[in-house]
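Q: Sequence:
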Amino acid sequence: MDQLGDGPVTIGDGGLAATIDPQGAQLLRLTDRDGRDLLWDGDPAWWAGRAPILFPVIGLMAGGGYNLGGERFAMTKHGFARDRRFAVAALSERMALFRLTDDAETRVLWPFAFTLDLLFEVAGEALTVTATIADTGDRAMPASFGFHPAFRWPLPYGAPRDRHRIVFETAEPDPIRRIGPDGLLRPDPVPSPVAGDTLVPDDALFVDDALILDAVRSRRLVYGADGTPQIAVRFEGAPVLGIWTKPGAPFLCIEPWAGLPDPAGYAGDLRDKPGVTSVPPGGTARVTLGIEWLPADTA
Numbered sequence: 001m002d003q004l005g006d007g008p009v010t011i012g013d014g015g016l017a018a019t020i021d022p023q024g025a026q027l028l029r030l031t032d033r034d035g036r037d038l039l040w041d042g043d044p045a046w047w048a049g050r051a052p053i054l055f056p057v058i059g060l061m062a063g064g065g066y067n068l069g070g071e072r073f074a075m076t077k078h079g080f081a082r083d084r085r086f087a088v089a090a091l092s093e094r095m096a097l098f099r100l101t102d103d104a105e106t107r108v109l110w111p112f113a114f115t116l117d118l119l120f121e122v123a124g125e126a127l128t129v130t131a132t133i134a135d136t137g138d139r140a141m142p143a144s145f146g147f148h149p150a151f152r153w154p155l156p157y158g159a160p161r162d163r164h165r166i167v168f169e170t171a172e173p174d175p176i177r178r179i180g181p182d183g184l185l186r187p188d189p190v191p192s193p194v195a196g197d198t199l200v201p202d203d204a205l206f207v208d209d210a211l212i213l214d215a216v217r218s219r220r221l222v223y224g225a226d227g228t229p230q231i232a233v234r235f236e237g238a239p240v241l242g243i244w245t246k247p248g249a250p251f252l253c254i255e256p257w258a259g260l261p262d263p264a265g266y267a268g269d270l271r272d273k274p275g276v277t278s279v280p281p282g283g284t285a286r287v288t289l290g291i292e293w294l295p296a297d298t299a
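Counting along the sequence shown from 1, when you hit position 49 you're at 49 in the working numbering, and nothing is skipped either side.
Derived from the structure by calculation, the hints contain no laboratory data.
We treat Cβ as the ideally placed atom computed from N, Cα and C, and that holds for glycine.
All clues given are correct.
DEER-style ranges, computed between Cβ atoms:
#1 Asp182 to Asp43: 23 to 31 Å
#2 Arg94 to Phe73: 35 to 43 Å
#3 Ala171 to Arg72: 39 to 47 Å
#4 Asp41 to Gly137: 32 to 40 Å
#5 Asp202 to Ala90: 38 to 46 Å
#6 Thr76 to Arg33: 36 to 44 Å
#7 Thr170 to Ala104: 45 to 53 Å
#8 Pro173 to Asp43: 29 to 37 Å
#9 Arg107 to Gly63: 19 to 27 Å
Work the whole structure out from these sequences, hints included.
A: Written out as C-alpha cells, the structure reads:
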C-alpha cells in the first residue's frame, strides 16, 4: 500500500495492483503481477482520460443542461464527479474507499444532498470497484452513473490489435444505439455489430462515436486475444454497456452504465429521461465493476 500525501494511492496483494487518484476517484494504473500495464496511460495526444467516473449524468445534455421541476440547470458532459476531489475515507493494503459529498458548488449544478462512495478492492488477480450512490436528502434523486475504464489495445502480451475480441457470456443480438453529430443519442436503433457472442473491434466501428448496447444481456465479457492472457470484465447494476475508442487510438473503453446520454432534442424533465435511476430519500443505488486477469487459454 502506498499513500503519498494527498496524491494517488496504490493497493494490491501480489497479483493485480491498482493506483487510484483522489482527483475524480480515477483509476490511473492497473498492472499485472509482472508490472505490465493493462490500463491506458492517458496520453493527451489521443485522450487524457484513463477511467473517469461518470456522475450524476452520462454523456451530453441537450442544450448543455437539464430541466428539473420547472427549473433549468447547467451540466457538463458526464457530470462533475470526474472533476471533483474525493476524500480518502478508508485505506488498507488491499482496499481504498473514496467519498464525494455534496457541497455549495455541487448544489449549483445538482440540487440534491448525496454521498458517492467508490470502493476499490483487490484480491489476487481481480479488482472490484463498487459505486454506492446515497440520497441523503428528503426527496427522491434522479441520477445516472457510469464506469469508463480504457484498456490497452493491444494488451501487452504480443498479439496485434486485429486479433483482439470481446466475447460476451451470451449472444447479444439486440439492436444498439449510436451517438449523432450533436453528441446526443440518435432516435433509432441500428443493427448490432456483435456476431453471436463476439465483437471484433475495428476502427471503422467508432467513426460515429461509441457503440451503446442499451439492452445488453450479458453481465460478463472477456477482452483480449486467444492464446494470450486476457481480461474478464463483469458488471452489476448497469443495464447499458458502452464501447468506445478514437479510430487508431491504442485503447478500448468498456463502460458499464446505469443511464444514457440525452436523446436528441430531449426537453422533458430529468426525472422522466430514459435510463435515469431514482434513488429514494435515505436510500442507495449500487453499480459494480469487476476486472480480472486471466491466464492464457483460460477465458
